[in-house]
Amino acid sequence: MTDANLPSPKTGTTPGMAAGRALPHWVDRFLGGWRVYRKNTIGRIGMALLVLFALMATTSFIPQWVDPMYHPMTGVDPQISYSTGPSLRHWLGTDFIGRDIFSQLLAGARIAFMVGISSALISILFGTTIGMVAGYAGKHTDLILMRLADMIMVMPTLLVVLLLSALFGQLNIWIIVLMIALFRWPGVARVIRSQTLSLRHRPFIEAARVAGASHLRIIFRHILPNVMPLALLYMTFRVTSAIIIEAALAFLGFGDPGTVSWGMMLQWVWKTGHMFQAPYWMLPPGICISLITMAFYMTGRAMDDVLDPRLREEETTP
Amino acid sequence: MDGRNCWRRGVLLLLTAVMLTACHEKNTHHVLNIGLAEEPRTLNVWLASDANSRKVLSLIYQPLYVYDPDTLDLVPWLAESMPVYDAQTLSYSVTLREARWSDDTPFTSRDVAFTGSLIQSFKVPRYASDWDFIKRIETPDSRTVRFYLKQPMAAFLTGTLSTPIVQEKEWADFAEKAQTTEKPLTALVNHRMQHPVGTGPFTLEQWRRGAFLHLKRNPHFFGIGKTIGGRTLGPFVDDLVYTVFGTSDVAILALIKGDIDMLWWPIQPGYMADLSRRKEIRLFTNEKSALYFMGFNLRRPPFNDMALRRAVAYMIDKKFIVSRILQGQGTKMFSVVPEENRFWCCTDLPRYGDGMSRENRLKAAYQVLVDAGYSWAVPPVDAAGNLQAAREIRLPGGQPMKRFTILTPPADYDPHRATSGLMIQEWLRELGMPAYARPMAFSSMLEQIKGHHDFDAFILGYGHLGLDPDYVRNLFHSANDKSRGWNMSGYRNSAFDEMADRSISEMDPVKRQALVMEMQKLIARDLPYIPLYKPSVVEAVRRDRFEGWVEMLEGIGNIWSMCQVKPVSSDGA
Amino acid sequence: MGLKRFVLRRLVEIAVIFFVIMTVLFVLFRLAPGDPVSRMVDPSMTPEDARLLMESMGLDQPLWTQYLYYLKNVATGNMGVSFHYGEPVIDILMNRLPNTVLLFTTSILLSALLGVFLGKIAAWKRGQRTDTLLTIGALFCHTLFLPWLALIMIWFFAYRVGWFPITGMVSPDVWIDPGAGWLAKALDVLHHMALPLMTLILIHFGSYLLVMRSSMLDTLKDDYIITARAKGLEEKTIRDHHAAPNAALPVVTSVGLSLAFSINGGALTETVFTWPGIGRELVFSVSHSDYPLAQAAFLIIAIVVLVANLVVDVLYAYLDPRIRY
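So the sequence lines, in the order shown, correspond to chains A, B and C. Under my numbering, the final residue of the first sequence carries the number 318; numbering is consecutive throughout. Under my numbering, the final residue of the second sequence carries the number 1573; numbering is consecutive throughout. Under my numbering, the final residue of the third sequence carries the number 2325; numbering is consecutive throughout.
Just chain A, same shape as in the assembly:
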């Protein structure tokens, strides 16, 4: 996985390469990857699930637009003041004060994507930058950065965020996102670093250096495009862990009380005593959390196969 086996890094040797010429290459590479990806059963399942969840997230605005009583947080059914099972009016039933569970579930998908993707993006940003800098600079910078990464890596993120919420009071959803991101970069940084290390002495980097390119330019112009696919791959895994941590936090009662996330829904079921009484309320959020993490995970694994041709041969030969 750390092996640099990207099709042709040599195209990057000419420093003055026009962007227009690079684009078709990227598209080509992407299409090639997609062709491999499509053959992968796991990847197909993952992608299908993701599309489903994305659909849920985008339609989450519709119910409250139809009728304010379908607002996931503040809308209550005027006729129902307790938890009821599925009906035509409420497809998945209502929660303990008469809010619609289905629209909460849709809103939850939106929050899950928001939390997952934004926190993964931030951690990838950190991880990639730090990994590239460490790998490129080497020596003391490398040592210090990697020790730091080691240290953060052994910290159980959930418990750290818990401790922080004890100290700073109820945390806002964006603070939670940021916290998760800040504790999840080391894994990425490590992989990107070793990738960078292997790239560092490639002829095209050497050539760029001889041509007088600055360090920054080399890092962002020449190394970044080559580690990008790997970073993207890791992003899918980070999305998974971010969603799980947010859900667990909310489940324990330390989430942002102003958001309707799936973890929050489970916390409501749990704390109001409907856990074993209302399967229509308790099962959907749990299934959604499990499935969305699985979907990202599967997509990630399939992408991993695409990026690692050695395994690809493995899969295609027999």
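Everything labelled a hint here was simulated from the structure, so no lab data went into it. Since the structure is predicted, the reported quantities are computational estimates derived from the model, not experimental observations. Be a bit skeptical, because a hint or two may be false.
[What the hints assert, rightly or not] FRET-style restraints, in silico, Cβ to Cβ:
1) 1403/B <-> 201/A: 53 to 63 angstroms
2) 174/A <-> 2078/C: 32 to 42 angstroms
3) 2020/C <-> 29/A: 34 to 44 angstroms
4) 2179/C <-> 1173/B: 32 to 42 angstroms
5) 172/A <-> 1300/B: 21 to 31 angstroms
6) 2020/C <-> 209/A: 30 to 40 angstroms
7) 1132/B <-> 2078/C: 26 to 36 angstroms
8) 2028/C <-> 1132/B: 36 to 46 angstroms
9) 1391/B <-> 35/A: 49 to 59 angstroms
Glycine included, every Cβ here is placed at the ideal spot set by N, Cα and C.
With chain A held as given, fit chains B and C onto it using these hints.
What follows is chains B and C alone, placed relative to chain A:
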């Protein structure tokens, strides 16, 4: 390296475990299994301010008088008869019952005097205020105690006399040692009690931290076979075992499964429908002497304005809170004194917004605000009298209202208050007010409200209000408007203060009643607190194991129940 | 010997990391909004007592003196008195530590064993239905939401079927019975442990399975396996005695990498199953704002993770003959 063999062995071991524990013989004597929500905090009676420790310690340490479950009158407990008042010397004499401590030493008047002096000298937090008006305690003989008061004090009967009494022998040495340390109170409350000696129906057998706590019947309990307050006392069970369950869900499962016989904590309304269908489960619903309220900071804008507070009162839909958030398991409150406290509660009070539709309450609140000089960028009610989405309310001075927060306990601590806060936020926004509900960890919330007075509004509750209305004075007297004082709102009204001061030394109940009613009227007019609701206590027990539970204010978990429950006769085997 | 030096070096590193964590914790507790004293002093205390306590903890001293006090206190195991229990936090946590370690190590060991075992099979049958089923099953189990799964497990196995106790670590009726011997008690604990253990294994074995599978696939292409095949050894012998031991090495590393993840899961599991461990105590202390307890629980969890990491590293070094320290 062979994993399969290893696994086989593991599975085999587990199966044996299952079988052996399943075959384990049950004890022949009667064990009452009680489920608790949380680990008791401590066995040190002076630290035990939490409900769970009290559930254990109230069966060990006994007071001189307890409340009758039906009439809520005082019943002599460790005392033999009602106290005798001598107006001349301002003293009460109490004659004690013949009783023994669980270590078989006699219980004497010296123990009572010692308990009082310990509370006074250490200023033990929860009890000190009930004892600081006592000038001295005399013990003419081993069965008589005489309390001399500094001034007439209504709280003597309800507070002082229901303090749990501790044994002098057990505490004297330690108290003396603690006095010599630099922080006597800390040393006292952090003293680790291993085996508390009490006079109650049960004694501690063992406490496995994080797992269970085992009490045994106390053979030296003074009440065995006696009839007190018209009730014949046992206890009729040999052991009490408290098991800690982290969440009510699993505790309810354990109850249904029969692992426990009683859940000693109120269950959530969500369970009621299912449980009431099961014939082996019995539910008890009882009232609670409680006050859940929204409080304001009267020391700073915007809530230093009475009109605004009144508008808020109009907007709060108490019926919604009770019927939806509490699922009907509670009652609306309009006075700071709960209605069950019939003698002291004033019913002749304004009931802001009660029974009004959403539109009417919005209009009423709007009218109050308009009259007080408030204005809007877009008012909630337009010229034609139709409702519209309000925007940007402005104070009478013309400046826009700054955003304010409503602090509530977090949802995992109390989902009802947290959800109420969110709903009130939404209602106030209909008036264009920039309201933000903010759940906050309980102790930091208290710190911010009580310690620093840095807040706008909050929702809190007193779960166990005493029956004596003395708290009405405590909560709103201007002398208590200080850091960590009782008066969290900073309400200052000299007329109220004067009435409150008269009420505590008024020994004539009828005159005192009139004063307390007047005080409640002032509060309902000025609204430093808006009383919201009072939850009911719903408790569940198994029908097929024990019977004879005694219902009382606060539910069946009380000393009377524990002294009276009997095994169901068919369960003899 | 090399191994000794390696362990020594890791020990020094762990000490440094722990020191940094301690320092960060110290800074965090003083950075947080509000009064640091209120975080150290029980709010129900009288002002005089609070002042005395402050002085004894050095809270009236300049920051760096406070820091030294703090280091000294942690080093001597004096981490303050819990607000909630009114007892030294170290006593409370030392009481809970064995429970956590018991559940934690057993679950990691068993899930790694199961993962290796199934991963071996999946790799051996690569491309066949067994492989696909195992891989997808592993992925599915691995991504189940833990507390939710735990509650379903309780509902099904403890309530519906009734095979296991609902929660907790011991049954009082066994432990209050004076006639019960140590064996009955040990079995009782095992009986209680079964369900949380099953939940944890279900969540964790998947990742080990996947690692084992891909590492086994790599190994199968190595020369010595081809040689073994050429020698005509039985397939099962090759799989179990030649390929698997070497392929299992990356699993050890992945155990190390997923330790933090397991501790997270441990805290959730302990909370849902009312297992009296440190993770549950941490969650509890956080929701009760018991700062001394939260701080100490976190430090102890950090130590557990660091030590577990060390054990994994040493194990790896010991197992892999290719490693020169």
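Status of the hints after comparison with the structure:
no.: 1; hint: 1403/B <-> 201/A: 53 to 63 angstroms; result: holds, 57 angstroms
no.: 2; hint: 174/A <-> 2078/C: 32 to 42 angstroms; result: holds, 38 angstroms
no.: 3; hint: 2020/C <-> 29/A: 34 to 44 angstroms; result: holds, 42 angstroms
no.: 4; hint: 2179/C <-> 1173/B: 32 to 42 angstroms; result: holds, 37 angstroms
no.: 5; hint: 172/A <-> 1300/B: 21 to 31 angstroms; result: holds, 24 angstroms
no.: 6; hint: 2020/C <-> 209/A: 30 to 40 angstroms; result: holds, 35 angstroms
no.: 7; hint: 1132/B <-> 2078/C: 26 to 36 angstroms; result: holds, 34 angstroms
no.: 8; hint: 2028/C <-> 1132/B: 36 to 46 angstroms; result: holds, 41 angstroms
no.: 9; hint: 1391/B <-> 35/A: 49 to 59 angstroms; result: holds, 55 angstroms
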